[in-house]
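Once you've looked at the hints, dock chain B against the given chain A.
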Amino acid sequence: MLCLVQKLSELRSLRDTNHINNFDHYVVRVAVNACNEYLRDRTPERSSLNHNLRDLMTRHRDFSVWKGENNLLLCGFAAWKKRKADAVRTIPPEQSEEIIQSLRRSGLVRPEFQRYPTGRILSAIFKQVGCPVEFDCLAEMVAALLMIKDLPTESLDQNDDGLSRELIDADPLPDAQIEGREMLRRMWEELQQMPAIQRDIVCFKFSDHSGEDFFNLIIQARIATLKELTEVFGLTPEQLAQLASKMPMGIQALADHFGVTPQQISKLHHRALKRLLGRLMEK
Amino acid sequence: MNSILSQQTVIAMVEHISRMHIEKFHARTLDVPEMIATWEHLDACDDCHRLFQEVFRSRRQGAPITFNLSPEYWLKDEHFDYEMLAAYIDKTLDSEMREIADIHLTVCGDCRRGLNSFVAFRKESEPELKVRYGPDTQSSITGWLSPLWNWPPVVWKPAHTFATLVIIGLAIAVMMFLIKAGSDKKSTAGDLTGLTPSPSRATFTSPSPNDSDKSIARSPEVGSTPKPNPVTSQVQSKLPHHQSGQRNRTKLRARFPTETVVALNDDGRRVSIDNSGRLTGLGDLSRELQQSIKEFLTEEEVKRPDILAEINGVKSALRGTGDKPSFGLLSPVGVVIVEDRPVFKWEHLTGATAYRVQVSDSPSREPISSDLLPETATQWMPVKALKRGKVYSWIVIATVNGKEIVSPLVSMPEAKFKVLEEERTRELNSLKRANSRLALGVFYAREGMLADAGREFQILVENNPQSPVAKRLISIIESWQSLR
Numbered sequence: 001m002l003c004l005v006q007k008l009s010e011l012r013s014l015r016d017t018n019h020i021n022n023f024d025h026y027v028v029r030v031a032v033n034a035c036n037e038y039l040r041d042r043t044p045e046r047s048s049l050n051h052n053l054r055d056l057m058t059r060h061r062d063f064s065v066w067k068g069e070n071n072l073l074l075c076g077f078a079a080w081k082k083r084k085a086d087a088v089r090t091i092p093p094e095q096s097e098e099i100i101q102s103l104r105r106s107g108l109v110r111p112e113f114q115r116y117p118t119g120r121i122l123s124a125i126f127k128q129v130g131c132p133v134e135f136d137c138l139a140e141m142v143a144a145l146l147m148i149k150d151l152p153t154e155s156l157d158q159n160d161d162g163l164s165r166e167l168i169d170a171d172p173l174p175d176a177q178i179e180g181r182e183m184l185r186r187m188w189e190e191l192q193q194m195p196a197i198q199r200d201i202v203c204f205k206f207s208d209h210s211g212e213d214f215f216n217l218i219i220q221a222r223i224a225t226l227k228e229l230t231e232v233f234g235l236t237p238e239q240l241a242q243l244a245s246k247m248p249m250g251i252q253a254l255a256d257h258f259g260v261t262p263q264q265i266s267k268l269h270h271r272a273l274k275r276l277l278g279r280l281m282e283k
Numbered sequence: 001m002n003s004i005l006s007q008q009t010v011i012a013m014v015e016h017i018s019r020m021h022i023e024k025f026h027a028r029t030l031d032v033p034e035m036i037a038t039w040e041h042l043d044a045c046d047d048c049h050r051l052f053q054e055v056f057r058s059r060r061q062g063a064p065i066t067f068n069l070s071p072e073y074w075l076k077d078e079h080f081d082y083e084m085l086a087a088y089i090d091k092t093l094d095s096e097m098r099e100i101a102d103i104h105l106t107v108c109g110d111c112r113r114g115l116n117s118f119v120a121f122r123k124e125s126e127p128e129l130k131v132r133y134g135p136d137t138q139s140s141i142t143g144w145l146s147p148l149w150n151w152p153p154v155v156w157k158p159a160h161t162f163a164t165l166v167i168i169g170l171a172i173a174v175m176m177f178l179i180k181a182g183s184d185k186k187s188t189a190g191d192l193t194g195l196t197p198s199p200s201r202a203t204f205t206s207p208s209p210n211d212s213d214k215s216i217a218r219s220p221e222v223g224s225t226p227k228p229n230p231v232t233s234q235v236q237s238k239l240p241h242h243q244s245g246q247r248n249r250t251k252l253r254a255r256f257p258t259e260t261v262v263a264l265n266d267d268g269r270r271v272s273i274d275n276s277g278r279l280t281g282l283g284d285l286s287r288e289l290q291q292s293i294k295e296f297l298t299e300e301e302v303k304r305p306d307i308l309a310e311i312n313g314v315k316s317a318l319r320g321t322g323d324k325p326s327f328g329l330l331s332p333v334g335v336v337i338v339e340d341r342p343v344f345k346w347e348h349l350t351g352a353t354a355y356r357v358q359v360s361d362s363p364s365r366e367p368i369s370s371d372l373l374p375e376t377a378t379q380w381m382p383v384k385a386l387k388r389g390k391v392y393s394w395i396v397i398a399t400v401n402g403k404e405i406v407s408p409l410v411s412m413p414e415a416k417f418k419v420l421e422e423e424r425t426r427e428l429n430s431l432k433r434a435n436s437r438l439a440l441g442v443f444y445a446r447e448g449m450l451a452d453a454g455r456e457f458q459i460l461v462e463n464n465p466q467s468p469v470a471k472r473l474i475s476i477i478e479s480w481q482s483l484r
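Protein chains in written order, with my numbering: chain A, 1 to 283; chain B, 1 to 484.
Just chain A, same shape as in the assembly (with noise of 0.2 Å):
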């Protein structure tokens, strides 16, 4: 949705230099191209690239992942990390380009080779950069280096086959289906019996099988008002509409807007929903 807006916002700062001839094909295309940038790293082959050489790295004493300013994931020798040197965050086309051929000439990677020496590959490539290297760059590299495709990016405003793709998600799982107002209504008296926090996460993570978010639901069943929210949540009407438009919410922001790790908002909302779902069931 976001890549959707900014796209927008910059063909109003262009005026009339680009036309879209189909919004909804143009829709299309910026949406499955937004998809692909997130699941190019879910691609099972590349992400289990990713996990490959990120693992090879903190096992092996001369390799060292580490992160940088901003959080930024660095690799390289680990005698670089004690140095301090800058790291290189993206390397030229040209650059990268030079170096996977070298490599290929020297023979480190061949069809044939039922593995690849992965640690010859990543020394190879330190050495020719010469210093850290942003990971995610080094992972673009070898994944190039091994010929492991991303998926493609889709050309936007095509009007040949855009809207035939189907967006499909997974079936909804057979267990603990709950269905109807009634059941919302249970829902959100016993959301108010949890420690808070459990309650919070699940409520700015809930959404039902057509996506609808908390609120929406809330407020279309009428089953609490703007003014009785903000006292359960303890917040003004101002928090609570800023976080209705972030909602709902993933692990990731719900760790951001808590203050705590990814991990610890699973585990409440395993908890939250386990106990919820003991005390729907046993009514």
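One thing to keep in mind: the hints can contain errors.
[Claimed, not checked] Covered stretches of chain A (in silico footprint by chain B; criterion: 3 or more residues with CB under 8 Å from a CB of chain B, positions within the stretch not fixed):
#1 75-81
#2 90-102
#3 133-140
[Claimed, not checked] Here are the simulated BS3-like pairs of lysine-lysine, each with C-alpha atoms no more than 30 Å apart in a straight line:
#4 B:Lys91 to B:Lys432
#5 B:Lys345 to A:Lys274
#6 B:Lys345 to A:Lys82
#7 A:Lys267 to B:Lys130
#8 B:Lys91 to A:Lys267
#9 A:Lys67 to B:Lys345
#10 B:Lys91 to B:Lys24
Since the hints were derived computationally from the structure, they do not count as laboratory data. All residues carry an ideal CB built from backbone N, CA and C; glycine is no exception.
Same frame as chain A, but now just chain B:
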């Protein structure tokens, strides 16, 4: 601007709301003041609420409200990141995170496959961990030397070749002479250290019970100079003197066959140190840890970790004398811990109506504080993880009859502890996989985790009931504990 907005908002709210405005409200694209005004209006106006319901239904194409509260449903998108994956395999997740991870794995094929592939990679990459890599210094050296090669061009003649060969020959002869002279001197020095091999005194795997009793080191008295330990004295007499250096050891290895001076049964594997100081049987350990293990097994005195003095405060008269009734802080006190969210435990104080815990890593920083805890509480766990590698002190403030009683009293030592560094925690996790009581025990001891070290060494003693070396490890830990 705000007043104009609020005026417009008020006007809009007096009248009914348009469908477009409700759609914007539903999509959360209104600004905050408009959103609040619309929300309040929807709470009060039946007509507009009906319109909201219409918008609500049309946006979801009439789908009924259904939701799912099963953990499988909510955890299906909580995919494993690297930290989770590694922690899952290293078995460092607590039981709750493990449960969450297991539930996710039951519904996510991608993460299941990712996990299998990660396990396979770890197994395959094991040999790679032994290969050494490092920044290439060669290029910088050649860069530094390159100007030297840029000599002016010289025309090469046969006489030059002859002269070069003569110079090289002379250099080799001088070097050989110097090496011979040096080795003669050192071999004399080596003989003087009394390193004549004696197989009967060389190993400690099965000494006689009498010998063993005699050689167990006693805990040194506080403040006294430790007496020479017969075990280490014997071991050291078999080892080259520290000052002799590597060259001396090489020389000795060449002169005498390798001889085991310490050997232990470490959970089924044989760990030994030979007379050249070489440690075998423990696989791939960091040099630092290998050195510590050698120290523990062979040195007469092992230095007590500095952190123990830091976290075991002493009573200070400067802090005054408490005369109020108090209660004890149970844990963590005077320890180094692995958990970054420790459970703070204290004794119940009769008459207390509430407690509050405060934890701080610096007097100048705002402490982490618990909420007001009920009178029944005698433990608390912080919501947020503490920073690793820091020394913390903590207090509990109990409320009794409206007055606050702080533990520890000002006249008592501070309750301090340290959270193990991130890097050390990783090292510990990988050590746990290595299944070596000795390596683990030495790691714990070095980091100041004395109870854990004692536990590991105790198992080592059980595996080596006749070994004075194993018993001495326990006595080192006991002597450190007695200094608290």
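(message) Checking one constraint from the list: CA of Lys91 (chain B) to CA of Lys432 (chain B), max 30 Å. Satisfied?
(response) Given that 30 Å is the threshold and the Cα spacing comes to 10 Å, the pair holds.
(message) Checking one constraint from the list: CA of Lys267 (chain A) to CA of Lys130 (chain B), max 30 Å. Satisfied?
(response) The given pair, whose Cα atoms are some 37 Å apart, is violated under the 30 Å limit.
(message) Lys91 (chain B) and Lys267 (chain A) were given as a pair; does the straight-line alpha-carbon distance stay at or below 30 Å?
(response) Holds - the C-alpha atoms of Lys267 (chain A) and Lys91 (chain B) are around 17 Å apart, at most 30 Å.
(request) Given the hint that Lys345 (chain B) pairs with Lys274 (chain A), test it: the Cα-Cα distance must not exceed 30 Å. (result) holds (27 Å)
(request) Take the segment 90-102 of chain A, compare each residue's beta carbon with every beta carbon of chain B, and decide whether three or more fall closer than 8 Å. (result) Violated - the segment 90-102 of chain A has 0 residues with a Cβ nearer than 8 Å to chain B, which falls short of three.
(request) Given that the segment 75-81 of chain A was listed as covered by chain B, double-check it with a C-beta distance under 8 Å for 3 or more residues. (result) With 3 residues in contact (Cβ-Cβ under 8 Å with chain B), the coverage given for the segment 75-81 of chain A holds.
(message) Given the hinted pair Lys91 (chain B) and Lys24 (chain B), is their Cα-Cα distance within 30 Å?
(response) violated (48 Å)
(request) Assess, step by step, whether the Cα of Lys345 (chain B) is no farther than 30 Å from the Cα of Lys82 (chain A), and give holds or violated. (result) Given pair Lys345 (chain B), Lys82 (chain A) is violated - Cα atoms ~38 Å apart, limit 30 Å.
(message) Between the alpha carbons of Lys67 (chain A) and Lys345 (chain B), is the straight-line distance 30 Å or under?
(response) Not OK: Lys67 (chain A) and Lys345 (chain B) at ~33 Å, beyond 30 Å, violated.
(message) Quick check: do three or more residues in the segment 133-140 of chain A have a beta carbon closer than 8 Å to a beta carbon of chain B?
(response) violated (count 0)
Hints 2, 3, 6, 7, 9 and 10 from the earlier list are contradicted by this structure; the remaining hints agree with it.
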